[in-house]
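Asks: Chains A and B supply the protein sequences, listed in that same order.
So the first sequence is numbered by the numbering used here: it starts at 1 and just counts up by one.
So the second sequence is numbered by the numbering used here: it starts at 266 and just counts up by one.
These aren't lab readings, by the way, just hints derived from the structure by calculation.
Taking lysine to aspartate or glutamate pairs in the EDC-like style, the calculated list, with each CA pair at most 16 Å apart, reads:
(1) A:Lys50 <-> A:Asp28
(2) A:Lys42 <-> B:Glu344
(3) A:Lys50 <-> B:Asp339
(4) A:Lys83 <-> A:Asp55
(5) A:Lys83 <-> A:Asp17
(6) A:Lys50 <-> B:Glu296
(7) A:Lys37 <-> B:Asp276
(8) A:Lys37 <-> B:Glu344
(9) A:Lys83 <-> A:Asp51
In this text the structure is predicted, and so the values were computed from the model without any measurement.
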Amino acid sequence: MNPALPPLMQESGVPFDVFITSLTEQLDRAQASMALKARVAKLPLTFAVKDVSLDVRAFVQLVDDDVFVRPAGPGDTEASTIKLTLTTVTRSMVEENAVDFKSEDPQFSLREAMHGQLSDEDQRRLERIGVRTVEQLTDLRKTAGADVVARLARMPVNRLQQALLAAAAPRVTQVEAPAPEAGSERGAAARVHLRAPGLRAGRIPFVRAAGQNVPVVESHDGRMVLAPHAGQLGLDAEIDFGDGEIARVPLAQGGIGRWASGSTA
Amino acid sequence: MLRDLATMLEDLQGGMQTLAQQSAVRLTQAEMTLPVDVALVLKDGSCALLADAPRNAADAPWWQAQSRLTVSFDAVPTEWLP
Numbered sequence: 001m002n003p004a005l006p007p008l009m010q011e012s013g014v015p016f017d018v019f020i021t022s023l024t025e026q027l028d029r030a031q032a033s034m035a036l037k038a039r040v041a042k043l044p045l046t047f048a049v050k051d052v053s054l055d056v057r058a059f060v061q062l063v064d065d066d067v068f069v070r071p072a073g074p075g076d077t078e079a080s081t082i083k084l085t086l087t088t089v090t091r092s093m094v095e096e097n098a099v100d101f102k103s104e105d106p107q108f109s110l111r112e113a114m115h116g117q118l119s120d121e122d123q124r125r126l127e128r129i130g131v132r133t134v135e136q137l138t139d140l141r142k143t144a145g146a147d148v149v150a151r152l153a154r155m156p157v158n159r160l161q162q163a164l165l166a167a168a169a170p171r172v173t174q175v176e177a178p179a180p181e182a183g184s185e186r187g188a189a190a191r192v193h194l195r196a197p198g199l200r201a202g203r204i205p206f207v208r209a210a211g212q213n214v215p216v217v218e219s220h221d222g223r224m225v226l227a228p229h230a231g232q233l234g235l236d237a238e239i240d241f242g243d244g245e246i247a248r249v250p251l252a253q254g255g256i257g258r259w260a261s262g263s264t265a
Numbered sequence: 266m267l268r269d270l271a272t273m274l275e276d277l278q279g280g281m282q283t284l285a286q287q288s289a290v291r292l293t294q295a296e297m298t299l300p301v302d303v304a305l306v307l308k309d310g311s312c313a314l315l316a317d318a319p320r321n322a323a324d325a326p327w328w329q330a331q332s333r334l335t336v337s338f339d340a341v342p343t344e345w346l347p
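Start from the sequences, fold in the hints, and give me the full structure.
Replies: Right, here's the structure in full:
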């Protein structure tokens, strides 16, 4: 093994999923490079990797409940053999199975929702298990629970709890501010649409801004519509979901909420 | 010095591409099973898999049994590629 590698990697190798990822990254890179060369050369036909099978001589061991793999080196004896077979996907298969990233508003990226508290490493860990957006993290919390997600992402539970808490904060998705009606000083009420994963079924939250109540027009399925007065637009609203769960969110386009200290969402 | 697996695959494909352009007979498919040396290194913030054919026959006695890479190539229209 390379002496420049960290001691754990020299002795135990890398987690199995990291090994698989490094293999697929190489294949993706090779395919992309081959396709680029064929297009640049304007070749009507080219050769593409169809199937790859790799029999790796390696040592396999468990480290903290994770399977680690270290490829055998010169002089290593009695290594195991891992047989991996991969096949390629066509353009149509990619299009059928790809996640539609356009449907997710980029302003609600994980990084934005975490107010910059998510480190690059933690973001990579979440992406490794397929979590790239706030919606995916919120859905995962409902279906799997924090302990399972933390184990899969190899993140400390307390850091994941912070991420889940931040992801569950309300955020403004759309602000409708109609123009004032002709002959009237007051126009129709504005509408502020929010996503509120912390919303509880059958309970309408209590919303206040600038010392006054903010009417809640709709509240269901994790979504809320508020009808603030003109003077409340742009100010922080306090949303009380009940049971001590209170969040503050600016009533402005793209506003991302924060839980008040002591909230238990 | 081992190279990235991707670089080796590109070399293999490049060889076939040259053959396909020069030969009167059309090559449509190729499958090869090769002994490879495999290693992992940390590079560009992630783990990179190095896998390359042995440099010379003298390397062989170092290994009890080599890792093996079997790769098959198909001739496909360029527009089919993702």
